[in-house]
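Starting from the given sequences, assemble the full structure and let the hints guide the process.
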Amino acid sequence: MKTFSAPIHNGATMRKKTNVPAGDATLRQEAENILSKRRKHPSPPDPDQNAQRLLHELQVHQVELELQNEELRQTRDRLETTLTQYTDLYEFSPTSYFTLDKRGKILRTNLAGAALLGIPRSNLLGNDFGRYVSNQENKSWSDFFGQVLAASTKITREFPIETNQGHLHALAEGVGDGSGDQCRLAFVDMTERKRAQEASREIGKYFRNLYEKTPAMLHSIDSEGR
Numbered sequence: 288m289k290t291f292s293a294p295i296h297n298g299a300t301m302r303k304k305t306n307v308p309a310g311d312a313t314l315r316q317e318a319e320n321i322l323s324k325r326r327k328h329p330s331p332p333d334p335d336q337n338a339q340r341l342l343h344e345l346q347v348h349q350v351e352l353e354l355q356n357e358e359l360r361q362t363r364d365r366l367e368t369t370l371t372q373y374t375d376l377y378e379f380s381p382t383s384y385f386t387l388d389k390r391g392k393i394l395r396t397n398l399a400g401a402a403l404l405g406i407p408r409s410n411l412l413g414n415d416f417g418r419y420v421s422n423q424e425n426k427s428w429s430d431f432f433g434q435v436l437a438a439s440t441k442i443t444r445e446f447p448i449e450t451n452q453g454h455l456h457a458l459a460e461g462v463g464d465g466s467g468d469q470c471r472l473a474f475v476d477m478t479e480r481k482r483a484q485e486a487s488r489e490i491g492k493y494f495r496n497l498y499e500k501t502p503a504m505l506h507s508i509d510s511e512g513r
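Position 67, counted from 1, in the sequence shown is what this note's numbering calls 354; the numbers after and before it change by one each time, with no gaps.
There may be inaccurate statements among the hints.
[To be verified] For each label pair, taking beta carbons as the anchor points, the in silico distance ranges come out as: (1) L398 - H454: 17 to 25 Å; (2) T386 - D430: 19 to 27 Å; (3) Q346 - A437: 31 to 39 Å; (4) F379 - Q434: 24 to 32 Å; (5) G413 - E378: 18 to 26 Å; (6) G433 - E499: 41 to 49 Å; (7) L398 - S429: 23 to 31 Å; (8) Q469 - L354: 36 to 44 Å.
In case anyone wonders, no lab produced these hints; they're calculated from the structure.
The model shown is predicted, which means the values in this text are computed figures rather than measured ones.
Ideal Cβ positions, reconstructed from N, Cα and C, are used throughout, including at glycine.
And the structure:
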């Protein structure tokens, strides 16, 4: 009785031995080494060499998959760690961050962003950010927002903001995502600095007026009264 077996070219049909990328070659060599260590008791020679080679290829391929799965797991762990670090930096940053869509709706903000406007974060999402800009600056805000969406570089401008705590002055820095659909904005509260600048100007103005309205001539006197 004759028996027939399917032809197997070059000992294996699963893997071509030409033009193997360097990375695949390294992975295969590592798999071969691991498989060699696992074989404490090598199998006796198989009279059917083709079947033996096919079994070997299957075993090597299985070890390669195990190595790839381990590498993917390590990559996933690194990405999760990086994501956690990024999330912490974003959430707890002292800078107020906002992500807006092309209509100006708030898609995302961090804790500082909610604190800046004095509104719980859950109540901010979906709102038009322009509603928090002072009415006198609506045109300026619209121009700035349009420029940010269209630009791939940072654009900076100062805006008066209306919050639940009152009026504040903020420095806005924005950059588009490149698609024109979203942009990211960072706000820094400049209120105290603005107040200090205004106070300095008022003091300077006061002393200039005092000097100009003084009728008598002012003389400088040295330590000896001369």
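Quick rundown of the hints versus the structure:
At about 22 Å, the CB distance of L398 to H454 agrees with the hint of 17 to 25 Å. Distance hint for T386 and D430: a CB-CB separation of about 20 Å, consistent with the stated range 19 to 27 Å. For the pair Q346 and A437, the supplied restraint of 31 to 39 Å is violated, since their beta-carbon distance comes to about 57 Å. Between F379 and Q434, the C-beta spacing of about 30 Å keeps the proposed range 24 to 32 Å intact.
For the pair G413 and E378, the supplied restraint of 18 to 26 Å holds, since their beta-carbon distance comes to about 19 Å. Judged by the Cβ atoms, the range 41 to 49 Å given for G433 and E499 holds: they are separated by roughly 46 Å. As the Cβ distance of L398 to S429 is approximately 28 Å, the hint placing it in 23 to 31 Å holds. Distance hint check: the CB atoms of Q469 and L354 are about 39 Å apart, consistent with the given range 36 to 44 Å.
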